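Visitor: What follows is each chain in one-letter form.
2 protein chains.
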Amino acid sequence: MPNPTAAMLVIGDEILSGRTKDANMHHLAGKLTEHGIDLKEVRVVSDDAPAIEAAVRSLSGTYDHVFTSGGIGPTHDDITADCIARAFDDHIDIRDDARDLLAAHYARQGQDFNAARQRMARIPDRATLIENPISVAPGFTLENVHVMAGVPSVFKAMVDSVLPRLTGGAPLHSRSIRIERGEGEIAGPLGQLASQNADLSFGSYPFIQNGIFGANIVIRGTDPARIDAAAKSLSQLFSEGT
Amino acid sequence: MPNPTAAMLVIGDEILSGRTKDANMHHLAGKLTEHGIDLKEVRVVSDDAPAIEAAVRSLSGTYDHVFTSGGIGPTHDDITADCIARAFDDHIDIRDDARDLLAAHYARQGQDFNAARQRMARIPDRATLIENPISVAPGFTLENVHVMAGVPSVFKAMVDSVLPRLTGGAPLHSRSIRIERGEGEIAGPLGQLASQNADLSFGSYPFIQNGIFGANIVIRGTDPARIDAAAKSLSQLFSEGT
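Residue numbers (the UniProt record's numbering), protein chains in the order written: chain V, 1 to 242; chain A, 1 to 242.
If you are wondering where the hints come from, they were derived from the structure by calculation, not from laboratory data.
Note that the list lumps identical chains together, so a pair holds whenever it fits in one copy or between two copies.
Taking lysine-lysine and the DSS-like style, the derived pairs with C-alpha atoms no more than 27 angstroms apart in a straight line are: (1) 31 - 156; (2) 21 - 156; (3) 21 - 31.
From a predicted model like this one, the values you see are computed outputs, not experimental measurements.
Modelling step: build the complete structure from the supplied sequences, incorporating the hints.
Guide: Here it is as structure tokens:
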């Protein structure tokens with residue numbers, strides 16, 4: 001059976017303006033690979049309701065899971081929860097379970113549970129909460145969309161909360177072989193090896209380092225023995241002079 | 001007149017598997033902001049022809065410019081050029097101008113200009129070449145799509161080759177103000193300030209650092225004086241205790 005598929009939707013002007021480097025994509029990609037879920041696409045959109053809704057609808061219809069990051073805080077530019085509710089025609093308001101969690105948290109901290117903070121308890125009716133052990137304000141899962149925070153430490157914690165709930169497939173294994181030849185020399189023999197091993201995927205990732213042209217060849221598949229055999233063949237093809 | 005809009009399409013399994021951290025998105029985002037072109041969306045797709053073609057068609061129809069990175073080398077998984085040609089119903093083959101550039105380069109280096117390397121001269125008929133001062137193999141512009149390499153040093157050089165050709169709008173200015181209060185305290189006054197300054201955009205980017213909750217508020221706009229005035233108002237709102 002093929003692995004479940006997934007997309008990620010990163011929401012935030014700060015990535016698109018170049019102010020902030022996204023860190024969550026790389027983290028999620030690694031976690032999904034370990035879990036046997038194939039990340040097929042990532043989109044980054046701005047804090048713009050029509051853009052968010054259109055992306056959620058499109059990705060949710062195409063892939064088994066959609067993971068979002070960003071836009072669920074208390075400020076005026078945090079519009080993700082409302083957009084997700086609209087994308088699925090669900091009603092959204094401050095929900096008792098989320099409000100209780102947050103009210104208890106701010107009471108413990110001796111802080112005012114004001115209107116802005118209550119916004120973080122806006123959860124669609126049909127959603128299931130995602131636990132946030134860092135700063136309490138929950139994420140949520142609605143249908144096949146998992147809505148998480150953009151702050152990297154909170155995003156990571158929420159991924160850890162939600163992944164054990166999801167059925168994964170066979171984890172993908174990989175081996176990387178560094179070859180210090182130009183890709184132009186590697187390409188021919190590599191193409192042949194790839195066509196002889198259709199159950200594996202062969203990626204060639206070129207680098208230029210201290211004036212040396214080379215490539216990291218990554219062999220991926222679900223059967224480690226098959227990967228090892230292909231890696232051995234590849235090393236033999238380029239053994240002389242490396 | 002509003003600024004021209006743009007999207008970026010990152011092509012490569014290595015990003016989606018978590019093996020590699022994308023570096024080109026952050027670089028392009030900063031360069032476009034300087035140049036007065038608004039980056040509105042980024043998509044990352046795998047080395048899969050239907051996925052690449054569908055993304056190119058969709059983004060090219062929606063935005064003024066599309067910038068792609070990755071998949072234009074000599075190996076079997078480098079399929080971007082052919083996908084772009086198909087997306088625009090253009091004919092593609094080894095083109096004389098690109099082949100001459102590459103043939104001269106490999107002759108200078110005393111290296112074989114073999115079949116794999118000749119693949120890098122596959123350029124759609126109607127495309128304009130993008131210069132590559134690092135490793136010669138050119139990128140190209142076809143209609144409103146600018147096709148560039150994935151290797152970060154080459155990507156950067158190609159961005160520098162292509163951007164001066166494009167008409168930008170008013171560069172976007174920004175100021176960032178760090179406020180060491182929870183977003184829940186910032187949100188109310190910030191929302192009011194944002195509604196009083198509709199010509200500016202106010203982003204709130206929360207952080208948790210050494211147990212301190214705070215947010216960087218970024219004010220963006222095309223008029224630096226208006227930004228300074230708003231920054232002053234914001235600082236006054238939170239002056240006590242910061």
